[in-house]
Each structure stands twice: as C-alpha cells, then as structure tokens.
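Chain order of the listed sequences is A and B. Mapping the first sequence onto this note's numbering, position 166 (from 1) lands on 166, and the numbers just tick up by one. Counting the second sequence from 1 gives a position; this note's numbering is that position plus 1000.
Keep in mind that the hints were calculated from the coordinates and are not lab data. Cβ coordinates follow ideal geometry from the N, Cα and C atoms, glycine included. Where hints are given, some of them may not hold.
[What the hints assert, rightly or not] Under the rule of at most 27 angstroms between Cα atoms (straight-line distance), these lysine-lysine pairs were calculated in the DSSO-like manner:
hint : chain 1 : residue 1 : chain 2 : residue 2
1    : B       : Lys1126   : B       : Lys1203
2    : B       : Lys1126   : B       : Lys1041
3    : A       : Lys171    : A       : Lys50
4    : B       : Lys1122   : B       : Lys1192
5    : B       : Lys1192   : A       : Lys37
6    : A       : Lys37     : A       : Lys51
7    : A       : Lys171    : A       : Lys84
8    : A       : Lys50     : B       : Lys1203
9    : A       : Lys37     : B       : Lys1203
10   : A       : Lys50     : A       : Lys134
11   : B       : Lys1041   : B       : Lys1203
12   : B       : Lys1126   : A       : Lys37
[Unchecked claim] Here are the in silico distance ranges between beta carbons for each label pair:
hint : chain 1 : residue 1 : chain 2 : residue 2 : range
13   : A       : Arg147    : B       : Gly1024   : 50 to 56 angstroms
14   : A       : Ile118    : B       : Gly1091   : 48 to 54 angstroms
15   : A       : Lys140    : B       : Tyr1186   : 22 to 28 angstroms
16   : A       : Gln10     : B       : Gly1199   : 22 to 28 angstroms
17   : B       : Lys1192   : A       : Leu107    : 35 to 41 angstroms
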Amino acid sequence: MTQERQPQRQTARQIGAVSCHACHFLVMPDDPVVDHKYCPRCNSGIFSRKKNSINRTWALLVAAMILYIPANIFPIMTVVSFGKKTEDTIISGVLHLAGSGQWVIALVVFVASILVPIIKIISLTFLNASVQIKFRWRPKERAYLYRIIETIGRWSMVDIFMISILIGLVKLQAIATVEVGPGALAFAAVVILTMFAAMAFEPRLIWDQAEDSVHGRG
Amino acid sequence: MMVETHRACLECDMLHEITEMHSGEAGYCQRCGAVLFRSQKNSLDGALAFALTGLIFFFLANLFPLLEFEMQGNIQTNRLIDGSIEFFSAGYGLLGLVVLLSSVVAPMLILLFLVSILLPLKFHKKPFFPEAQIRLLVHLRPWAMAEIFVLGIIVAYVKLGDFADVSLGVSLFSFVFMVLATLLAYVTLDMKDLWYRLGELQKK
Ligand SMILES: [Zn+2]
Ligand SMILES: [Zn+2]
C-alpha cells in the first residue's frame, strides 16, 4: 500500500465518511446520498458507529450470563436404554466421552461447549468495560481478541447439533430413546445471545478512544 | 460513479487505498490487522461453479439417510431434517427452529443467492434485486452453521458407537461436500469484482 499519498493516516470518521457495514462501500461526506442514511451501492442503512452498542452489549451479555447457570445445571439430554435413564449435562457429557476413552472428541467438545462460552463471556465483558471506561491499553491486542471471539463463538452449537442427530436417530421405544432436556434450550440461548452480543459490540470504539487521546479530545 | 478508491477498515475505521493485487492475495489493515479485501482472478465464474456444485450436494443430502443405527436387529436411519422435527414434537420448537435455520435453511439460502446473483451475470444479465440478495448473503453468513453440524454428527457418531452399531449414510458425504463447496465458493468470490460487474451492467 502506498504510504506517500496518505501522509496522515486518517479514519473514515475523521474525514466525515461512513463505511457501509454490509458491502464495505465508503460513502464520502460530499456524496449527496449521505442524508438518505442508506448505502448508495447496496441500500443498507449506514452508520459511522453502531448505535448504543455498549448498552446493547451489556444487556445481551447479562442475559447470557444468567442463562449460563440453567444451561449447566439442567440436563441437556436423557438417554433411556432398556428402561435405564442416563441424564447428561454439558459437563457430564464431556466426562462420559473422556471416560469411554474418546479423548480427541472429548477435548473437542470440552473446548466448544465449556471453554469457548466462558472465554467469550469473560472477554466480551472485558472488552465492553474497556471501551466504557475509555481504556487506552493495547488496542491492537484487544482488536485481535475481539476477532477471535467473533470467529469461535458459533462452534459452541456443536452439542445442540449432536442432540438433534441423536433424537432423530435413536427412537427404538423399548430398547433405546434419547430425549431433549431443558439445559439444551438454555445452552442454545447462551450461544445465540453471546453471538448477538459480539455483533452488538463496536470494535471501532477501541480505536476511537486511542485517537481522541492523541488529539486531546474526549 | 461508485468507483472504489479507498476503503475503511470495518473493525477500526482506518482508511486505506485500494491497490492492485495478484490473485489470491489479501489486503490487511495496517493498524489492526483485519482483512480489508481479497483479490481473486475469474472469481465470479469459479464461485458460481462451486455454488452450483454445493446446491447439487445439498439436494442429495436431503434425499438419503445421514446415519444408520442398529440395535438388537432394529435398524433406524435419520434424514437431515429429522432432528428439527423431533425437537418440535418434543415441545422444543425453538430449538427445532434454530437447528432448522442454521443447518438447513441458511446454508441452502446462501447457495441459492450465490447462484441467482452469479448465474445471470455469467450471461451479462442483471440479477433480480442484486443489492438485497447480497445484503441477505452478508447477514445470513454467521447463522449458516453447516460445518459445525458436521462436527455435531461426528460427536453423535462417536457417542453412539459405544452401545450400538452405527454406519455413515450417503447424505452425510453429500453434506460434507456441500460444506466444502460453499467454503470454496466464499474463498473464490471477490466482492470487489462482483460490485464492479454489477456496476458495469448498470451503466448500459
Ligand atoms: Zn453498502
Ligand atoms: Zn483496522
């Protein structure tokens, strides 16, 4: 990239431009379409920063934290085999896999179902708090953390899909059946709420504060 | 009009000039490291071919069983949509809806939108409401979880292997090929190229 033609690195916000979040088009301040609030190329609503992002992220995160408790306490599924009921929670499911010697799969499920949701909730709490108190510490590392969270969060759905396979397949009345437990609903809600929380978070705020401090504003 | 010369990073807002790049290269934000754009040669033809392939595999994945389960002489199979149906009949309609959307509807719509945008372009015709279709494509993407569904099948297979005979069905392989084709379509598709071609058609 040619550095010479941009002697001062600037952000879209600093020159009054807005970047379309859907198609990436850069709407310039002298563009007549700016008043319309829609992207001239793809028609999405355009905004410089997500509206009310800090509060929306908090609301979604708190809801996810509350549901995290029933998600882990209640069984996500019950296996009924020859009249014997075995209830599985998220954690006991991982333990059963490990107990039967399936170490690789146990590790994958442990990471996706236990580690990822916890890391995601803690990291988003930290990131959202950091932009709220206008923390200026290591913006690049925080941006990196956000990018990781956004990518890995969806993989926690693996347990829900596993249950959907089992209940669709194991339906032998007297011999073996699999039933859904309420924990599955709470767990899916946690995954979806944290996905929405990550989408509501505005990563550009991390950098806005670093800029504002350099220019003596804010 | 609408020629892109600059682009702001979607994650930190830093402005960058769009530069000519070789096929397969990506431009990264100099400040935060996010991907700004990727360049691909013949991206639209390649993406169309992959999307069509994916669509064929998607239909095959719906026709046959995913897994076959045998216990005490009883054989049972499941299709792609059976999990969602069982969630509904067990009173967990919300879960059924989530699974249906993320493992069937969203992956299918993504392939359908790709084909319905790229196929007319191939014949120099304007696609039907291309802007709306591209917007939906962008917003649907995080909710299409076919690749995670595949991992879910593997976990279910391992879990069942402990107490019954399980074998893989034809649909499982079709579904995996659909996931791969979709991934390749996304990797091949250069959005700059797509908008450029749509702009060319508008001028005529
Ligand atoms: Zn746009
Ligand atoms: Zn950036």
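Task: Violated constraints from the hint list, given by number and in increasing order - done: 3, 8, 13, 14
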